[in-house]
Amino acid sequence: MARSFFNGRSGSRRRSFRSPTEDSAALKLTLSAIAIAFVGVFLVLPLLVVFTEAFAGGWGHVWTTITAPDSLAAIKLSLTAAAIAVPLNTVFGIAAAWAIAKFAFPGKTFLVTLIDLPFSVSPVVAGLIYVLVFGMQGWLGPTLAGYDIRVLFALPGIVLATIFVTFPFVARELIPLMVDQGRDEEEAAVSLGANGFQTFLRVTLPNIKWGLLYGILLCNARALGEFGAVSVLSGHIRGETNTMPLHVQLLYENYDYVGAFAIAAILAMLALLTLAVKSFLEWRFADELAASHRH
Amino acid sequence: MSLVIDAITKKYGRFPALNGAGFTAPDGAFVALLGPSGSGKTTLLRILGGLEAPDSGTVRFADLNWLDMPARERRAGFVFQQYALFRHMTVAKNIAFGLEVRPRSERPARADIARRVEELLELVQLQDLGKRYPSQLSGGQRQRVALARALAIEPRMLLLDEPFGALDAKVRKELREWLRHIHDKAGVTSVFVTHDQEEAFAMADLVAVMNKGRIEQVGTPADVRREPKTAFVSDFLSN
Amino acid sequence: MSAPGLSLIARPRSVLPGFRLSMGFTLFYLASLVLIPLMALVLRPFELSFEDLWTAVTATRTLGALRLSFGTALAAALIDSVFGLIIAWVLVRYCFFGKGLLDALIDLPFALPTAVAGIALSTLYAPNGWIGAVFMEYGIRIAYTPWGVLVAMTFIALPFTVRTIQPVMAELRGDAEEAAATLGATRFQILSRVVLPALLPAILTGIALAFARAAGEYGSIIFIAGNLPNISEIAPLLIVIKLEQYDYAGAAAIGAMMLLASFIMLLALNALQSWASKRR
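Residue numbers (my numbering), protein chains in the order written: chain A, 62 to 356; chain B, 3 to 241; chain C, 2 to 281.
Take these hints with a grain of salt, some might be off.
[As the list claims (entries may be wrong)] With a straight-line cut-off of 25 Å between C-alpha atoms, the simulated DSS-like cross-links for lysine-lysine are:
(1) K270/A with K339/A
(2) K100/C with K89/A
(3) K169/A with K100/C
(4) K187/B with K95/B
(5) K169/A with K270/A
(6) K187/B with K214/B
I should point out that these hints are in silico values taken from the structure, not numbers from a laboratory.
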């Protein structure tokens with residue numbers, strides 16, 4: 062009946078059809094170009110600069126810088142601070158997530174907000190609060206000095222600052238994840254006779270392992286890279302109380318650009334590694350990571 | 003003028019969703035596309051609505067080359083299974099949407115739009131709920147808003163994709179009778195997709211039983227029940 | 002049978018063990034790490050008389066620093082919201098080779114240590130840097146001026162807008178857009194009346210988060226900023242300077258101001274979230 066006249070045009074009809082939920086080709090091209098250009102200029106170029114400046118003097122110069130005693134001391138200090146802060150914050154993260162996800166109690170929102178606090182506070186303010194407590198004009202400063210305990214301008218201060226700015230990471234990863242997973246499995250384990258630790262180790266931990274790993278990774282990356290808070294507390298004593306980021310600043314301000322970028326390159330590599338592992342974890346274990354990903 | 007669908011095929015990759023489907027229905031008919039999931043009934047409905055394009059085949063309706071028109075020109079009201087209401091707009095704004103997006107020359111005056119929204123709210127029995135947001139309504143109420151929204155544009159054709167699928171049995175039954183009543187009042191050609199044969203037979207003038215992308219049989223409910231033409235149809239109906 | 006004494010026996014919160022232990026440790030950690038030091042910040046400014054406090058806060062230099070930090074942070078947040086929206090749009094809705102890489106790169110400002118970003122940006126936008134040189138041709142200096150601050154803040158805050166909008170956009174159902182099309186809307190009308198309004202809460206939240214982060218940022222800004230009082234000196238730097246001068250009360254005053262701003266921002270965010278959830 063109506064067949065013959067219209068059949069011939071069906072091919073062209075298919076080519077010009079655009080689903081109502083799709084953008085025009087022109088729009089797609091424009092937006093994609095803008096996105097790529099913006100990311101390229103604002104994000105990729107600075108990253109490239111780090112590496113080109115670091116290797117401007119060749120591999121030799123990079124090696125000498127990194128193995129200089131002050132640099133090695135800075136690296137060692139950063140690693141020490143992270144080695145203390147990350148495990149402590151991991152324990153905290155697990156404890157906080159356990160309490161928040163598996164129990165009901167008043168004031169939960171307030172608690173969660175408190176945990177989020179370091180994210181909304183300037184790192185300088187974070188350092189400042191410890192100065193006010195432990196500095197010579199602070200509450201505890203003079204008392205501790207009496208016992209010959211130095212917090213400021215020494216390792217304890219640096220570790221404290223590092224702990225403060227990184228403690229939310231593990232908790233924030235685990236809380237939505239554990240809330241999402243609910244209590245059923247743990248309750249089943251308990252009814253079967255397991256005690257707290259057994260329940261945690263055998264039931265909870267396997268369920269959260271990828272989220273935990275992810276949180277520890279972020280915590281570690283931030284711990285090694287923290288600048289503002291540590292800067293306020295460290296005293297910038299070359300070779301003694303400079304972490305890697307502070308050492309970068311020192312070298313840069315002393316016009317040793319290649320040196321500064323060499324250390325910076327190490328930190329940048331670490332950042333890229335963190336991103337790579339993050340992408341991999343997200344790709345493989347999408348549903349086992351946090352239910353909602355907010356920074 | 004009747005709805006003539008002829009030899010529609012559509013493939014997704016290698017999978018043939020529709021394989022030469024077609025039927026004819028008189029103007030103003032209430033047609034049910036009945037079949038199991040995967041039979042292609044939703045795909046056919048979406049093609050009628052302009053949300054997808056077939057690989058080949060034709061549709062003629064109201065003297066128009068239906069498939070040559072983009073969705074926004076067809077005035078085919080579409081009611082989705084999950085309501086697809088605009089959550090950031092009130093009920094009244096949802097219903098008025100189709101009138102407010104018309105080009106200036108065709109857009110009715112504000113007062114006229116408001117009046118029409120009121121009429122439709124009364125038609126779907128949601129008179130006092132104009133200022134509410136969809137999140138404040140029950141499933142059944144939301145679906146009624148979706149229907150009012152589709153009717154607001156005075157559609158040439160009404161397309162409903164398992165509109166009661168997300169609702170519980172009691173609400174489904176009430177809405178069923180009520181939808182048929184609305185259809186009779188509005189007199190608009192309607193195509194209704196369902197996998198529930200009780201629903202199809204209770205509501206439709208014409209039932210098209212679909213299977214694997216083809217229409218196995220088209221007829222009035224009585225005819226189809228009395229004389230199933232293929233083994234599939236008799237099997238499907240006896241369950 | 003109800004014995005009065007039974008009601009006094011506390012019902013266990015849950016069958017699961019470890020509440021007291023985990024809660025206790027959590028509270029101890031938070032109290033010693035966060036609450037008590039914060040008290041110091043809040044109480045310290047009050048060592049000064051109200052007059053001195055007022056002078057410290059309203060000193061030209063302080064106001065200049067606060068204006069720069071907050072004003073530029075707002076501008077950076079707005080820029081990032083526009084481009085963040087576009088980037089999220091492209092990541093969620095389009096498919097092309099290398100999209101995964103683009104997605105991973107967005108987190109770079111979040112993962113990169115701020116000092117590294119700082120020296121990299123400073124070198125890049127310096128008068129002889131790759132980008133800085135181009136602008137110098139037109140007589141525009143970026144590094145060591147407030148423009149440098151803007152660039153650094155835009156860099157640091159980008160992930161906050163993209164990652165806030167992205168999941169919301171990914172959750173949007175296509176059927177609302179299809180419904181709008183069947184009702185007669187053009188693509189532009191669909192975008193402006195259906196899609197963007199649905200994204201508005203996420204966009205606003207992203208702006209708030211980006212603003213909060215940019216206002217408090219230190220490491221990535223001080224190298225590119227120039228740090229001239231009243232011109233290109235950010236508030237966190239002023240705090241550091243006052244600390245070096247042993248003006249603890251003055252530093253605390255500015256710190257308290259910034260904390261207050263953070264607090265207000267948190268409240269605004271919470272209000273935004275509850276407004277958004279009402280509309281859903």
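Okay, which hints does this one fail, numbers in order?
3, 6
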